[in-house]
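Chain by chain, the residues:
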Amino acid sequence: MSRDLVTIKGGKDGFRLLVDSSASMEEIEAEIKKKLDENPGFFPEGTKFELEVADLDRSVKKGINQILSQHGLGVELSAKKDPPPVSDEQSQMPPQYFIQHDGNVEAQEMTVVEHTVRGGEEVTSQGSVLVMGNVNPGAQIIAGGSIDVRGTCRGMVHAGAWGDISAVVIADRLMPTQIRIANMIARSPDIMEKSDFAERASIKDGQIIIEPIER
Amino acid sequence: MSEVIVVTSGKGGVGKSTTTANLGVGLAMRGKKVVLIDTDTGLRNLDLLLGLENRIMYDLIDVVEGRVEIKKALVRHKKYENLQLLPTSQVKDKSAVNPADLMALCDELRKEYDFVIIDCPAGIEQGFQTAIAGADTAIVVTMPEVSAVRDADKIIGELGRSEKDNIKLIINRIRPAMVDSGEMMDMDDINDILAIKCIGQVPDDIKVVTSANRGEPVVGESDSQAGKAYENIVGRLLGEDIPFMEFEKEGFFKRLKKAFKF
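These protein sequences, in sequence, are chains R and E. Numbering of the first sequence is given in our numbering, commencing with residue 9 and proceeding in unit increments. Numbering of the second sequence is given in our numbering, commencing with residue 119 and proceeding in unit increments.
Derived by calculation from the structure, the hints in this document are not laboratory data. One or more of the hints may lead you astray.
Label-pair restraints from in silico Cβ distances [said to hold, decoys possible]:
#1 E/THR328 with R/MET140: 46 to 52 Å
#2 E/ASP307 with R/GLN215: 28 to 34 Å
#3 E/ARG279 with R/GLU34: 54 to 60 Å
#4 E/VAL186 with R/SER203: 57 to 63 Å
#5 R/ASP198 with E/ARG148: 45 to 51 Å
#6 R/THR185 with E/GLY131: 55 to 61 Å
Where a beta carbon is used, it is the ideal one built from N, C-alpha and C, also for glycine.
When you get a sec, could you build the whole thing from the sequences and use the hints?
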C-alpha cells in the first residue's frame, strides 16, 4: 500500500486523524485499531474527539465513533458547519476527514521561525516547524512533525525526529545537505543541482523520496 | 553623527585588518576624523599595515586598566593627521579587555571622532564579543570560498543574537577569472546565502600584499583595482550611490569581441 488510509497528525489545535474516504469501513476500523494499539495509553481515556465533517457517510461516522468509544475515546461534532472551499488542486486529491484531539494534553505545536536560520543555529521543536526564510548550510532543524521552508533549504533537516514516518519536508528550493525523516537519512548528491521549484520529501515504500509540488 | 563600526569575519585571513586599514585611510583622505582600534590582543598587526609599529608608546590594555589617558595611547598616522590608531598589546591576551571596557571607550571616542573602526579578532569567542560590544554597524568581510562564507553566515547569526542589526558585507579577494570559469563562488551565490547588504567587492590584488609590507594601505592608488574598490566602499559608507565596478579580467579586444557577439 503506497499510502496510509488513516494517519494521525498533530495540528495547530491538537491531533488530527486523516481518513481516506475511498477506504471501506472495515479497512478504516482495522487501521484505527492498529494505530491506537501502536501507542497504547497515548490518548487519555475519556477524551472527546472533534470530528470535522464534509460529506462523510452517517454509518461511517457512527462506525468511527464506535471504534473510538471501545478505546475509551469519543467523537464530537465540529462547530464548523461547512468545509473550507476546495480549490482545483485540492479537489484532485482524495478528500480527507479530520478527527481532532479535544484536550491539549498532547497537543502538537507549530514553531514559526520568522527569519533565516544561519549556520550554527539549531531549531528544535516537538511539533512542526515553519521557516519564513532560508535554512543556510550548517544550520539544523529538528522537528517532531513536518518542516516547511519558505525559501531555500541548504542545511540539515530532520522531520518526524521522534519516529513520525508520515512527516514531510517541504521547501521552495530543497537542496539540503541531509534530509532525515524519522529514522531514515538521505544525503544530498555530491554535486548539488539548483532546483527551481518547490519540492516535498517524504517516506514512500521505505525510502525517502523527493517530488515536485505546486504552491 | 559619528559611527562606531566593527570589522569582523569569523574566519581568519580574509582581510579584516587590511579592510580596517584601508577604510581608515580612505575616510581620513576624505577629511573625516577617524580612529582605528585593534582588538586582536596578542596578535596585533593593524599597526604593521599602517606602518606605525615604531611609534607605539602605550596600548589598549594600558587605557582600559587606567594607566594612561586615551589621548596618550593614540598613534597619529604619518600622512593623515586626522587618522589615529589605538594599538593593542602584543604580550597580553584577549581576557585583558572586557565588553564593558570597550563600550565605554567607544562612547568616549565617539565624542571626538567621525568614525571609530574596530578591527575584530578571528573567531566567535570572547575577543569577538568584546570587539562588537560598542559597535553601531558591523562590516562582515568574507571571501568567495565555502568555508569563509560559512563562517560569515555564523558571524551574522551571532551579531543578530547580540542585537547588532546593521550589518554590511564586503566580499574580498575575488578572482574574476576564476569566478567566470565557475571555479569560484560568484557574487550572487554569496549574496543569496548571506542575504545582507553588500557594500563592496574587492578583487584579489598583488598590490595589497606589497603595500602591506610597505605599511601603506592600497586605497587611493589609482593603478590598483583593490585600491579603487576600497575607495568605492569609503564612498558608500559616506552614503554615496556608487555602482560596483567591473573587474578587468580580459584584454580590451576580447571584451570588444564579447560585446559584439551579444
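Results of checking the hints against the structure:
About 47 Å separates the C-beta atoms of E/THR328 and R/MET140, a value consistent with the hinted range of 46 to 52 Å. Our hint of 28 to 34 Å for E/ASP307 and R/GLN215 holds, since their Cβ atoms are close to 30 Å apart. Checked against the given bound of 54 to 60 Å, the beta carbons of E/ARG279 and R/GLU34, roughly 55 Å apart, stay inside it. Range check, E/VAL186 to R/SER203: about 59 Å between beta-carbon atoms, so the 57 to 63 Å window is met.
Checked against the hint of 45 to 51 Å, the C-beta distance between R/ASP198 and E/ARG148 comes to roughly 48 Å, which is consistent with it. Checked against the hint of 55 to 61 Å, the pair R/THR185 and E/GLY131 fails, with Cβ atoms roughly 25 Å apart.
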